[in-house]
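First residue of the sequence shown: 1, per this note's numbering; consecutive thereafter.
It should be emphasised that the hints constitute simulated quantities derived from the structure, not laboratory data. Note that CB positions come from ideal geometry on N, CA and C, so glycine has one too. Incorrect hints may appear among the rest.
As the list claims (entries may be wrong) - As a list, the in silico DSSO-like pairs of lysine-lysine whose alpha-carbon atoms are at most 27 Å apart:
| hint | residue 1 | residue 2 |
| --- | --- | --- |
| 1 | Lys116 | Lys143 |
| 2 | Lys57 | Lys102 |
| 3 | Lys143 | Lys74 |
Stated by the list, open to error - With beta-carbon atoms standing in for the labels, derived distance ranges:
| hint | residue 1 | residue 2 | range |
| --- | --- | --- | --- |
| 4 | Gly23 | Gly49 | 43 to 49 Å |
| 5 | Pro134 | Thr22 | 45 to 51 Å |
| 6 | Gly127 | Glu52 | 18 to 24 Å |
| 7 | Ala26 | Met91 | 45 to 51 Å |
| 8 | Lys57 | Gln166 | 24 to 30 Å |
| 9 | Pro87 | Gly14 | 57 to 63 Å |
| 10 | Leu70 | Ala94 | 41 to 47 Å |
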Amino acid sequence: MKLPKIFFRKLIIGAVLLAIATGMTAFIKESLDTQDPESALPIITVLYGDEELVPDKEVRRAGWEWNFFLTQEKTPLLSPEDVPLQPVDVMPGAQMRILFTKEPSELRVMRAVSDKPTEYLELSDAGGGRFSTPTTPGLYFYKVRAEWSGRGFIQYYFALQVRELQI
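The task is simple: from the sequences and hints, build the whole structure.
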């Protein structure tokens with residue numbers, strides 16, 4: 001009869017120690033993440049075919065809000081005029097794809113209504129982060145807003161220069 005009692009005691013002590021270790025790990029990660037919150041954010045990848053648009057040059061982060069366990073960190077949301085965008089030359093009707101290191105619960109891809117990036121319309125064909133470039137040549141501005149349930153959001157801008165199809 002003593003064997004089961006000792007077994008359960010060891011099992012309970014092991015579970016308590018595991019819970020303490022899990023709590024300590026979460027606390028340490030929280031401390032490290034809040035010291036440099038941008039390093040804790042998911043990273044965006046925008047693909048044009050097999051070519052990756054360069055982060056912080058061709059794809060610009062324009063603000064974020066992120067909830068950690070005990071704190072909330074955020075930056076002000078910037079307008080496209082505040083963010084220097086370097087347009088990327090693309091072909092008409094080309095496939096684009098947006099990926100993140102951590103899958104967002106909601107992803108919205110919007111394109112500016114005109115050549116002035118002040119008003120945006122959400123793309124209806126951007127399900128799963130996939131969409132096609134316009135077929136009409138011109139300069140197009142995009143806004144991407146990715147949200148993670150309970151964690152926060154990140155907003156990005158990029159510009160595409162659709163070239164005429166050379167025959």
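Exercise for review: For Leu70 and Ala94, compare the CB-CB distance with the range 41 to 47 Å and indicate the outcome.
Suggested key: holds, 44 Å
Check your understanding: Between Gly127 and Glu52, does the beta-carbon spacing fit 18 to 24 Å?
Key -> holds, 21 Å
Practice item. Hint says 43 to 49 Å; check whether the CB-CB distance for Gly23 and Gly49 agrees. Key: holds, 46 Å
Check your understanding: If you check the beta carbons of Lys57 and Gln166, does the distance land in 24 to 30 Å?
Key -> Hint holds: Cβ distance 26 Å, inside 24 to 30 Å.
Exercise for review: Note whether the CB distance of Pro87 and Gly14 lies within 57 to 63 Å or breaks it.
Suggested key: holds, 58 Å
Review point. Is the hinted pair Lys57 and Lys102 satisfied, with a Cα-Cα distance of at most 27 Å?
Key: Holds, because 21 Å separates the two Cα atoms, which is no more than 27 Å.
Check your understanding: Given the hint that Lys116 pairs with Lys143, does the C-alpha gap stay at or below 27 Å?
Key -> holds, 13 Å
Check your understanding: Quick one: are Ala26 and Met91 within 45 to 51 Å, going by C-beta?
Key -> holds, 47 Å
Check your understanding: Hey, Lys143 versus Lys74, does the alpha-carbon distance stay inside 27 Å?
Key -> Cα-Cα ~18 Å, so holds.
Check your understanding: Between Pro134 and Thr22, is the Cβ distance one that fits in 45 to 51 Å?
Key -> holds, 49 Å
In this structure, every one of the numbered hints holds.
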